[in-house]
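Protein chains: 2
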Amino acid sequence: MSSAQTFSVVDLISAIAPCQEAHKLEAQRRLDNLTKPIGSLGRLEAIAGQAYSIFSGQVPQPLSKAVYVFAADHGVTEEGVSAYPREVTAQMVLNFMQGGAAINALLHQADLTVVDVGVDYEFEKAPGLCRMKVRRGSRNMHREPAMSHEELGQALESGACLAHEARKKGQHIVALGEMGIGNTTAASAITATLTGESIGTVTGRGTGLDDLGRNRKLHVIKRSIKRHFGASSSNPEPLEILRCVGGLEIAAMTGFIFGAATERMAIICDGFISTAAAAVAYAVCPRVADYMFAGHCSEEPGHRHLLRYIGIKPILDLGMRLGEGTGAVLAMPVIESACRLFSEMATFSSAGVSEASPKAN
Amino acid sequence: MSSAQTFSVVDLISAIAPCQEAHKLEAQRRLDNLTKPIGSLGRLEAIAGQAYSIFSGQVPQPLSKAVYVFAADHGVTEEGVSAYPREVTAQMVLNFMQGGAAINALLHQADLTVVDVGVDYEFEKAPGLCRMKVRRGSRNMHREPAMSHEELGQALESGACLAHEARKKGQHIVALGEMGIGNTTAASAITATLTGESIGTVTGRGTGLDDLGRNRKLHVIKRSIKRHFGASSSNPEPLEILRCVGGLEIAAMTGFIFGAATERMAIICDGFISTAAAAVAYAVCPRVADYMFAGHCSEEPGHRHLLRYIGIKPILDLGMRLGEGTGAVLAMPVIESACRLFSEMATFSSAGVSEASPKAN
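First to last, the sequence lines map onto chains Y and C. Each position in the first sequence, counted from 1, maps to that position plus 1 in the numbering used here. Each position in the second sequence, counted from 1, maps to that position plus 1 in the numbering used here.
It is worth saying that the hints were derived from the structure and are not from the lab. Among the hints, a few may not be true.
With a Cα cut of at most 20 Å, we get these calculated SDA-like pairs of lysine to any residue [what the hints assert, rightly or not]:
hint, chain 1, residue 1, chain 2, residue 2
1, C, K223, C, K314
2, Y, K314, C, K223
3, C, K25, C, Q62
4, Y, K314, C, D318
5, C, K25, C, T348
6, Y, K314, C, K25
7, C, K314, Y, G320
8, Y, K314, Y, E198
9, Y, K223, Y, D318
10, C, K314, Y, E300
11, C, K314, Y, K169
12, C, K25, Y, G43
13, C, K25, C, G43
14, Y, K169, Y, E300
15, Y, K25, C, G320
16, C, K314, Y, H306
17, C, K314, Y, F56
18, Y, K314, C, T202
19, C, K314, C, T348
20, Y, K223, Y, E145
Owing to the predicted nature of the structure, the values given are computational and were not obtained by experimental measurement.
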């Protein structure tokens, strides 16, 4: 990891400030004076406190919301690890642009940007499509590292740049989504290497593999990890894990998270793939977790291990496993609602409401 | 239960049609053709299917959303069962009208109606306030039935009328909320009697009782149930449970649920109190459950027993215990999102996306 790009990551993360505990306490004091029994809004209060500390005590109203869907192909699809053919990545990007995908139906006034960081297809210029292709798909991790050092650096940098642009556009809260046939294979390999959990534990059926397909996927992941990190995993560097068994969209999301944390934006992770990117970012710089919300808990078995690894708790648990950012955008109204409490709720004294005595009246 | 009002309940529930299984199957067939792996949207698909069957295959877009917060006082507060004084019911109604309560901050474009069915205060006419007072608070269940037959009938009828009016206003999806100091005592008594669970299991700290306060509450509930239904509970009639140990706002919500199901509206229950009303409605007419969504699972311990009794699964689980409809309105965007899938998502063929083969590609 001696390329020029690595230096920019180091510079980038040095600009990430931790969120202040004092802000969380101040938020809780405010919440405790609002016209509701203390603690009665449960996790909404913790979410409000986290947002308050992310925004340094100035929660913007209304929140400007955006979703970034990072798309790339994966060389490892050559090994037959997905229920869908590789072409579906490009087909789905076109579907996003035409408004026909699940994420389009679930946007709820959030701004959608689709980012091509490595799809094996040349897209024409289109509004809402950001063309930052590093390569037409990552390399096949089963045979070589998924990315060269330069490719990794470029993907990370693209993501970070987008986050800076997002802030310039005035966006406050950004959801991560992805599209990439084969990317649960990459995410499973990252998860096993990063968390130390067994490959079998963290590898699921992706978009719908049968037992035979899943066994092939397990075998490919096992061989890939062995090739790059040896039989006994010797705690490889997080960015090296990302480079060898990750993917271009995952790397771009990692870069985006670094950039978004630098800009003090609230970040909502979606499912297994985006949380794999978040876990790499967390492993490099634990402070980023202060800026993260987990939109939901996916059915992909590796996801809950990643959430535990980062130490973030999902807002929703609806048995979803689609990606695209769908679980992240569904959680947006909950976070928005939590933020709105501060600016709209009355205090006991302002509303003339009597306070409680726990001893019963 | 021989009053004139009982007859209208019988008439009312005879007009409730069950939702058709055929509609759910048709919905699933549609969902399976949309551009996403089969089943990958998890519970969102089940929610979409239920909405599709509630609306007889014509899911309106956009959904017109409303929240009805039913408020009443409780005679049993004389026994010292709440952390807050009785006046808070009226104070909070005024807070709702002034926009300072949690429910106001969480509305998300839903229309709010506050319904006074029994607050111990004379409110002036105000937009968004529906004055249907039956009595200035229910009677003290510890000494006599909480309502006379006539009062129960009037509260049920008021709720049903409001539901019919809601439909006339074009509302499709209605969330239930409530405000009433003392009403967790009533809901616990209903829950224990209806489900057969022990009083200790289904009784919590309400808005914040300490151990001593909770013990007093337990004692009052135990004595009240014994007074009305004898030591060995002999399966009393659901509406008789409601009359003896319920409350005016709970009865009005039960009536509202009957009316809303008659009108084929989607009903979102909130926490412990509104679900107690829903459980009574379900006990009288199990078909109403077809029209119900459980917005969330409250921290009040009796709530999960009621959800299991009715057989509905909460959408959110965020540790909330406030009432007012807060958990129900938070779930609205999830239900709306599920409904939008049908009208906005492309099919595999319309979008030109290749389909899956579970054997891996």
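Outcome of the hint check:
1. Distance hint between C/K223 and C/K314 is unfulfilled; the C-alpha atoms sit about 29 Å from each other, more than 20 Å.
2. Only pairs whose Cα atoms come within 20 Å are accepted, and Y/K314 paired with C/K223 is rejected, the gap being roughly 38 Å.
3. Taking the CA atoms of C/K25 and C/Q62, the gap is near 18 Å; set against the 20 Å cutoff, the hint holds.
4. Simply put, Y/K314 and C/D318 have alpha-carbon atoms about 12 Å apart, close enough for the 20 Å limit, and the pair holds.
5. Taking the CA atoms of C/K25 and C/T348, the gap is about 18 Å. The hint holds against a cut of 20 Å.
6. For the hint linking Y/K314 to C/K25, the alpha-carbon distance of about 32 Å lies beyond 20 Å, and the restraint is violated.
7. A distance of roughly 13 Å separates the Cα atoms of C/K314 and Y/G320; the hinted pair therefore holds under the 20 Å criterion.
8. A distance of roughly 19 Å separates the Cα atoms of Y/K314 and Y/E198; the hinted pair therefore holds under the 20 Å criterion.
9. Of the supplied pair hints, the one linking Y/K223 and Y/D318 is violated, its CA atoms being roughly 29 Å apart against a limit of 20 Å.
10. The hinted pair formed by C/K314 and Y/E300 meets the criterion: a straight-line CA distance of about 17 Å does not exceed 20 Å.
11. For a cut-off of 20 Å, the pair hint linking C/K314 to Y/K169 is broken: about 42 Å separates their Cα positions.
12. Proximity of C/K25 to Y/G43 is assessed by CA-CA distance (about 34 Å); at most 20 Å being required, the pair is judged violated.
13. Straight-line distance between C-alpha atoms of C/K25 and C/G43 comes to about 15 Å, which keeps the hinted pair within the 20 Å bound.
14. The hinted pair formed by Y/K169 and Y/E300 fails the criterion: a straight-line CA distance of about 35 Å is larger than 20 Å.
15. For the given pair, Y/K25 sits about 19 Å from C/G320 by alpha-carbon distance, which is consistent with the 20 Å threshold.
16. Between C/K314 and Y/H306, the direct Cα distance comes to roughly 25 Å. Violation of the 20 Å bound is thereby established for this hinted pair.
17. Taking the CA atoms of C/K314 and Y/F56, the gap is near 35 Å; set against the 20 Å cutoff, the hint is violated.
18. For the suggested pair Y/K314 and C/T202, the alpha carbons sit about 27 Å apart, so the restraint of at most 20 Å is broken.
19. With a CA separation close to 29 Å, the supplied pair C/K314 and C/T348 exceeds the 20 Å bound.
20. Among the hinted pairs, Y/K223 with Y/E145 is consistent with the structure: their alpha-carbon atoms are about 14 Å apart, no more than 20 Å.
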